[in-house]
Amino acid sequence: MASMLEFRTPGFNPYAVKYSPYYDSRLAVAASANYGIVGNGRLFVLGLGPAGIQPEKTFDTNDALYDLAWSEINENQLVVACGDGSLKLFDLAAGDFPVMNFAEHKREAFSVCWNPIAKDSFISSSWDGTVKIWSPSRPTSLKTLPVGNCTYSACFSPTNPAIISCVSSDSHIRIFDLRTPVSAKYHLTTVIPAHAPPPMQSPTLPLLSTGQTFAGAAPSEILTHDWNKYRDTVLATGGVDRVVRTFDVRNPAGGPIGVLLGHEYAVRRLAWSPHASDVLASASYDMTVRVWSDGSAVPQPPPPPQQQQQQHPQASTIIPVGTQLGVMNRHSEFATGVDWCLFGTGGWLASAGWDQRVLVWDAHTLLRG
Amino acid sequence: MADSMCGPSNGAKNFLAHVDRDRALHQDRLVNTPQAGAGNAFRSQTSFSDGAEAAFGSFQQGGAAIDANIGPGLDMNGIGPLGYHPTGARTFGHPVPGVPTTMGHIGPGAPAARLASPATGGASHQEWVSQFSGMQLGPGAAGPSTAMSAPAPAGTITPMNPVLNMQQAPFAMPMYGGASPGLFSFQNPGINPVAQQAPQTVLSQDTAAAAIDVEAFNRAFGEYDDANFESELAEWTEKQKLANSEFAEAQDNWMAEHGPRVETTADVKPPTADEMEVIDANLEKMAQEQDKRRSDDELARAAVDIVNAVADNTSEKFKNSRFFELMRRIGNREVVVEGDSFVNATTGETVNTAHDDDTEDSGVGFDAVTPEKSTDSVPPAAEGQSA
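Chains as they are written, first to last, in my numbering: chain L, 1 to 369; chain C, 370 to 756.
Note that these hints are calculated values from the structure, not bench results.
Honestly, I wouldn't trust all of these hints.
Cβ-to-Cβ under 8 Å is the rule here; a few derived chain L residues that face chain C [what the hints assert, rightly or not]:
no.: 1; residue: Y35
no.: 2; residue: G39
no.: 3; residue: S332
no.: 4; residue: D355
Backbone N, C-alpha and C fix where the C-beta goes; we use that ideal spot for every residue, glycine too.
Excised from the complex, chain L in its bound form:
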């Protein structure tokens, strides 16, 4: 893979990598010393050029960094989630220190996401069991959404500025709609048990479209999720049970609408492609980054062979299984971050891992051959 670009983050183990929504040549990496166990954090802002990846700026923090999000409203700003629970807003044009510090979370802040539609707010999730909504210009949070357990990831819907989703250690996906009155359930409108199988008419386990039975029905921590950029009701989750699932939030009890099987350890980060409605990338503790198609872009495969039908005449529930388009196996430690470049022909990915490397590569190279 000669076209792969590499950047090293010596002494710091990356936790997240994100492309700038403004520049095709800029990306940022949130990293922590000593694998985030003890020590400082460092935010790298990197530029891509003919000479490869060059650091444009670095910001040091007192605590580990677990996630970052580029501002959608200011091309020079980005916010990071810190191990001490604080969120820090950095400006590339404003020195070495954060321009804002948001300290409300009681435990590690684990994810941040900028509102891509309204652009005037961002959210953070934390191990303290809350999701908080912030304005970049206010030091205190606008709103706190209770979740109740370690919330590993929170996202804005890419199509609706009022819809927030989060996933947590209790194996549930929660959807909050800020348009609903706060009085009832703190805007909580939908709860999807990610582990639950689809409703079954028969006592047998649901079948996968490959003909196997699907046994992944034990609750497990969900570490990451992402909204599909084209189908506005579809999101994907990944977590400790190594399975990537896709859900339609309109049918919370319907079980997954697709599963992607292949990772050998927990899935740490998911990102839907901004260019294709059926493609997503996942980074995992098995040290690989995989690119998948959930199969929705092509017509559904023909029903299982006649033999399967006969074996399970009542098993009417069949979960489609996506296909793995390729495996990027160059990281030598846990792969913790992956993001798609919004620009260009599409298919460019940045991945980061605890091997202290950031790799930029073209997913198409995985498909050839």
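Once you have looked at the hints, place chain C on chain L.
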């Protein structure tokens, strides 16, 4: 019952609780019927009715037996000339709630002992009966002179034989308009002093016998107990006093030493500000050390867990992983956290967690689909800048 209150609920448990707590009549019948044991087909009509009938039969027989073994029954028949009907005796042979059963067995010459059937047993009954039988004898001896005065207004009895009156009154109580005045008239000593004498005598004899028993008992044990009790009580009191005084003494000593009135000695003055600083610093240090020890333990445990989680992984990448190497060393306590970095527990050197020394190819795996070198595969930025 406790087990039905604990643990998850289920249908069987609820049913058990229902049966346990059901006090409905059919439950009582089931329990009381000898034939109906546990699980003995309680729905079976025959066994159930058999049991009930048998119970009723035995009950009847029991009543009959009482009648049969009583001589006075015959004696009563002997009263026939006095206008007493056997059927009346029969009626009284049945136990009527609130009325002593032995009423039916009264006979002029019946000794109290014979009247005391097991069914009625009890000294009070016996006394009542003997009292009554004494009363019965009374009219025969003293004549119906005064006794008639009370029943007289009832009218119906008046023409009857005066001798009969005494017996007739209790037997035919309902016949009197006001039953209780009539009944009371017999028992009221003021009305028939002669009749009252006899039962009193019997009663006093019984009391005397009982008194003798109590006296004998007291003679046998009472004195011994009294004497013993006195001495033991005295002993106990003495012991208590001693214990109390010891306790009070110890308490006084302690209060003298630590109590609010004890004079503060010079060396327990509140610490000065300087001393306080030292104390605070020491406490803080101790707390920090404790925290550190705890977090070290937790980290080591977590590290062991992580290593064990991938123990079955044989891939080169996991074998060569620096992270897992570090976790192994932390789990073995070779590496500990010192400040903001990992240090070697023995040498104190900072452990380098950087991957700088990785060679170009080290740890690099192979992609599942090995791509060929592609000339058009250029990152967008590079592409843009080169264009």
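Outcome of the hint check:
Taking 8 Å as the C-beta contact cut-off toward chain C, the hint placing L:Y35 at the interface holds, the least distance being around 6 Å. For the restraint placing L:G39 at the interface with chain C, the shortest Cβ-Cβ distance is roughly 4 Å, inside the 8 Å limit, so the hint holds. Taking 8 Å as the C-beta contact cut-off toward chain C, the hint placing L:S332 at the interface holds, the least distance being around 3 Å. For L:D355, the interface hint holds, the least distance from its beta-carbon to any beta-carbon of chain C being 5 Å, beneath 8 Å.
Consistency with the previously given hints is maintained throughout, with no hint failing.
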